[in-house]
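Engineer: From first to last, the protein sequence lines stand for chains A and E.
Residue 109 in the numbering used here sits at position 109 of the first sequence; the count goes up by one each step and never skips.
Residue 98 in the numbering used here sits at position 98 of the second sequence; the count goes up by one each step and never skips.
The hints are simulated quantities; they were obtained by calculation from the structure and are not laboratory data.
Just so we're clear, the structure is a prediction, and the values are computed from it rather than from any experiment.
Hints should not be assumed to be uniformly reliable.
[Said to hold, decoys possible] Below are the DSS-like pairs computed for lysine-lysine, each with C-alpha atoms no more than 27 Å apart in a straight line:
(1) A:Lys57 <-> A:Lys70
(2) A:Lys9 <-> E:Lys56
(3) A:Lys14 <-> A:Lys71
(4) A:Lys57 <-> E:Lys26
(5) A:Lys71 <-> A:Lys9
(6) E:Lys70 <-> E:Lys56
[What the hints assert, rightly or not] Negatives, chain E to chain A, calculated, CB over 10 Å:
(7) Ala19
(8) Gly40
(9) Gly42
(10) Gly59
Even glycine gets a Cβ: it sits at the ideal position worked out from N, Cα and C.
Single-letter residue listing:
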Amino acid sequence: DGGITQSPKYLFRKEGQNVTLSCEQNLNHDAMYWYRQDPGQGLRLIYYSQIVNDFQKGDIAEGYSVSREKKESFPLTVTSAQKNPTAFYLCATSTGGRETQYFGPGTRLLVL
Amino acid sequence: SQQGEEDPQALSIQEGENATMNCSYKTSINNLQWYRQNSGRGLVHLILIRSNEREKHSGRLRVTLDTSKKSSSLLITASRAADTASYFCATASFTGGGNKLTFGTGTQLKVEL
C-alpha cells in the first residue's frame, strides 16, 4: 500500500447525504483511479484521471463525482444520487494507463 | 465491463501443492497483469506479461499467455498458507478502451495446513 493513503478506513453515510473519500499519493504518478468492489466481486472502474485538471468517467460513474486539482490528490464524492453506495472503495495510481497499478488500503462505506 | 473471467471462482488446496488459476479475455490486449488481494485490503501487483511474451516467472509464480486463445494462467508452486487470498487478472487493451485496466472477477484461493 506504501505511498497511497485513503481515509477514512470506514465511513458511514446517512440517507440523502454526500460523502467524500480521500486519496493521497506521494509516488509522483500522473494517473489515478477509483474502483468500487462489492462483496465477492471484481473491481469496477468509477472514474480515472491521467493528468491534473482532467478526468474521465469509468464504467459506473453515475452518482459519483471527482476532482483533480493537485497531482497528489484525487477525492471521490459519493452523492445522494448513488442509491446503493455500500461497498469497498479502492484508489490506485500508475505511471501510465496500461502499466502496473498501485493500490491504497481502501475505504469501506456503509449506509446508516 | 468485465473483460477478464477467472476460473475457477474458488480453489482449495493443501500446503505444498501447486495452485493454477486461469483467465480468459475477449479483445486484443497490450498486456495482462495479475494481482493479489488479501481479505479487506488493497490489491498488490504480482506480475505483468506483455502481448509479445508467452511465459514469465517471478519467484514461485509462473504466468503464461496464449493470445491465440485469449487466455492466461497463473501457477503458484509449493503453496503456503500465506498465499490464501483472491487473485485477479487485469487486461490493458491494445487499442481503444482508454488508458485503463479492466479487472476480472477473481479466484479465491485457500491454502490449508
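Engineer: Hint by hint, say whether it matches the structure.
Structural biologist: Results of checking the hints against the structure:
Of the supplied pair hints, the one linking A:Lys57 and A:Lys70 holds, its CA atoms being roughly 18 Å apart against a limit of 27 Å. In summary, the hint linking A:Lys9 to E:Lys56 is not supported, as the alpha carbons are separated by about 35 Å, beyond the 27 Å threshold. For the hint pairing A:Lys14 with A:Lys71, the CA-to-CA distance comes to about 30 Å; that exceeds 27 Å, so the pair is violated. Between A:Lys57 and E:Lys26 the alpha-carbon distance is near 22 Å, which keeps this suggested pair within the 27 Å criterion.
Straight-line distance between C-alpha atoms of A:Lys71 and A:Lys9 comes to about 22 Å, which keeps the hinted pair within the 27 Å bound. Proposed proximity of E:Lys70 and E:Lys56 is supported: the alpha carbons are some 16 Å apart, at most 27 Å. The claim that E:Ala19 lies off the interface holds: its Cβ sits roughly 19 Å from the closest Cβ of chain A, which is beyond the 10 Å cut-off. At roughly 7 Å from the closest C-beta of chain A, the C-beta of E:Gly40 falls inside 10 Å, breaking its exclusion from the interface.
Residue placement check: E:Gly42 does not keep its beta carbon more than 10 Å from all beta carbons of chain A (closest about 3 Å). Under the 10 Å C-beta cut-off, the non-interface status given to E:Gly59 relative to chain A holds; the minimum distance is some 16 Å.
In summary, the structure is inconsistent with hints 2, 3, 8, 9 from the numbered list given earlier, while agreeing with the others.
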